[in-house]
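Participant: Sequence:
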Amino acid sequence: MLGRTVVVTAHWPVYGHVAAVTQFQRIWQPAQNGHGAGTPYHATLLLGPRQVGKSTLAQVFAQAILCTDRERRPCGDCRSCRLMARHSHPDFRLLQPVDKNGAVDRLDGTLRADQAAELIHDAALRPVEGRYKVFLIQDFHNAHDAFANKLLKTLEEPPASVILCLTATDRSQVLPTIVSRCRLIELRPLAPEIIAEALVSNWQASPEEARLLARLANGRLGWAVEQLTKPQGQQERIAQLQTLWQLMAADRIERLALAEQLAANRNSQQLFGLLETWGTWLRDLLLVRAGCGVHCANIDQETRLAQQAGSVTMADIQQTLALLGRIEGYLHHTVNTRLALDVLLLRLPRLKNAP
Numbered sequence: 042m043l044g045r046t047v048v049v050t051a052h053w054p055v056y057g058h059v060a061a062v063t064q065f066q067r068i069w070q071p072a073q074n075g076h077g078a079g080t081p082y083h084a085t086l087l088l089g090p091r092q093v094g095k096s097t098l099a100q101v102f103a104q105a106i107l108c109t110d111r112e113r114r115p116c117g118d119c120r121s122c123r124l125m126a127r128h129s130h131p132d133f134r135l136l137q138p139v140d141k142n143g144a145v146d147r148l149d150g151t152l153r154a155d156q157a158a159e160l161i162h163d164a165a166l167r168p169v170e171g172r173y174k175v176f177l178i179q180d181f182h183n184a185h186d187a188f189a190n191k192l193l194k195t196l197e198e199p200p201a202s203v204i205l206c207l208t209a210t211d212r213s214q215v216l217p218t219i220v221s222r223c224r225l226i227e228l229r230p231l232a233p234e235i236i237a238e239a240l241v242s243n244w245q246a247s248p249e250e251a252r253l254l255a256r257l258a259n260g261r262l263g264w265a266v267e268q269l270t271k272p273q274g275q276q277e278r279i280a281q282l283q284t285l286w287q288l289m290a291a292d293r294i295e296r297l298a299l300a301e302q303l304a305a306n307r308n309s310q311q312l313f314g315l316l317e318t319w320g321t322w323l324r325d326l327l328l329v330r331a332g333c334g335v336h337c338a339n340i341d342q343e344t345r346l347a348q349q350a351g352s353v354t355m356a357d358i359q360q361t362l363a364l365l366g367r368i369e370g371y372l373h374h375t376v377n378t379r380l381a382l383d384v385l386l387l388r389l390p391r392l393k394n395a396p
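First residue of the sequence shown: 42, per this note's numbering; consecutive thereafter.
In case anyone wonders, no lab produced these hints; they're calculated from the structure.
No experiment lies behind these values; they were computed from the predicted model shown.
Be careful, since some hints might not be right.
[Unchecked claim] Pairs of lysine to aspartate or glutamate, EDC-like flavour, derived with a Cα cap of 16 Å:
hint	residue 1	residue 2
1	K393	D292
2	K393	E369
3	K271	D292
4	K191	E159
5	K194	E250
6	K191	E250
7	K194	E227
8	K191	D163
9	K141	D155
[Claimed, not checked] Quick list of the computed label-pair ranges, beta carbon to beta carbon:
hint	residue 1	residue 2	range
10	K271	E301	51 to 61 Å
11	T63	R388	40 to 50 Å
12	E197	T109	28 to 38 Å
13	Q283	V169	20 to 30 Å
14	A60	Y371	31 to 41 Å
Quick reminder that beta carbons are idealized off the backbone N, C-alpha and C, glycines included.
Model the full structure from these sequences, guided by the hints.
Facilitator: As structure tokens, then:
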């Protein structure tokens, strides 16, 4: 039943993540941090899957810090909250990975040394509006070592007025010297019911659409919202699945030809989206084979899932999923995309009833 699973903590417009919100709110309590009443930790590292809500929660936290209402933070009504809503607060800075030309690129870009130098310069200046300046640094797992090393001194000896909030998908990809100087908060994937309720109440999705996206989202509300608002989002997913179905019925020569097309015609963001869609389908096949089809994500394709699950072995699916995970890891680094796709496509299970 929608509505019962959603908890939006008072004054914090965040769906789910109750434990993380509670941790943030405790930052203000002297008994929790030992820094004195109402003084937040100077650095927090938010960990969790991409699009699970790290940046949203971090910005609400920043709004709470900068809010001038002592009784209700964030109040949403004061000058500071209104500036945050308009993305124009002079004491809030957002740093994102950029490409070689300086354009924001959160997938393939990096946090560069010159960005760290600019942050350090800004951090030395007094706040414009209130007591604090808040810096949100997204995707710290994409930080160049030079960026992280430059930031270390600010983390070790932060100005009293500076609050840093970092986000990352993987703790192991952040320098241990950075991790050790931050308060850690981990965000877990949200339950499908929470995502479905949020989509219906906040983004006007139909119940059927919300249920499907909530299953496909793998716990990431941000992903579900992106798919809901993207033109032809579901048509794109079906096209990706049709490519997979075609490959699973194809011979080796046809698979290599398709690998060449995929490598030539897709940018990295499209490619990772394609592989994610394929991975979700393969996991669903595994669930159906194991008799757990009730937990499938592709709930609009139940008939085809049942047909294909009877035509492949669990061992083949498990091996392909393991390979897919390794290929995705390789593609995040310097690797020959065509070669990686050749290996993956040749190892896809072949449907037994394929010609």
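Participant: Each hint needs a verdict: does it hold in this structure or not?
Facilitator: A quick look at each hint next to the structure:
| no. | hint | in the structure |
| --- | --- | --- |
| 1 | K393 / D292 | holds (12 Å) |
| 2 | K393 / E369 | violated (27 Å) |
| 3 | K271 / D292 | violated (34 Å) |
| 4 | K191 / E159 | holds (10 Å) |
| 5 | K194 / E250 | violated (48 Å) |
| 6 | K191 / E250 | violated (46 Å) |
| 7 | K194 / E227 | violated (24 Å) |
| 8 | K191 / D163 | holds (14 Å) |
| 9 | K141 / D155 | holds (12 Å) |
| 10 | K271 / E301: 51 to 61 Å | violated (27 Å) |
| 11 | T63 / R388: 40 to 50 Å | holds (45 Å) |
| 12 | E197 / T109: 28 to 38 Å | holds (30 Å) |
| 13 | Q283 / V169: 20 to 30 Å | violated (53 Å) |
| 14 | A60 / Y371: 31 to 41 Å | holds (34 Å) |
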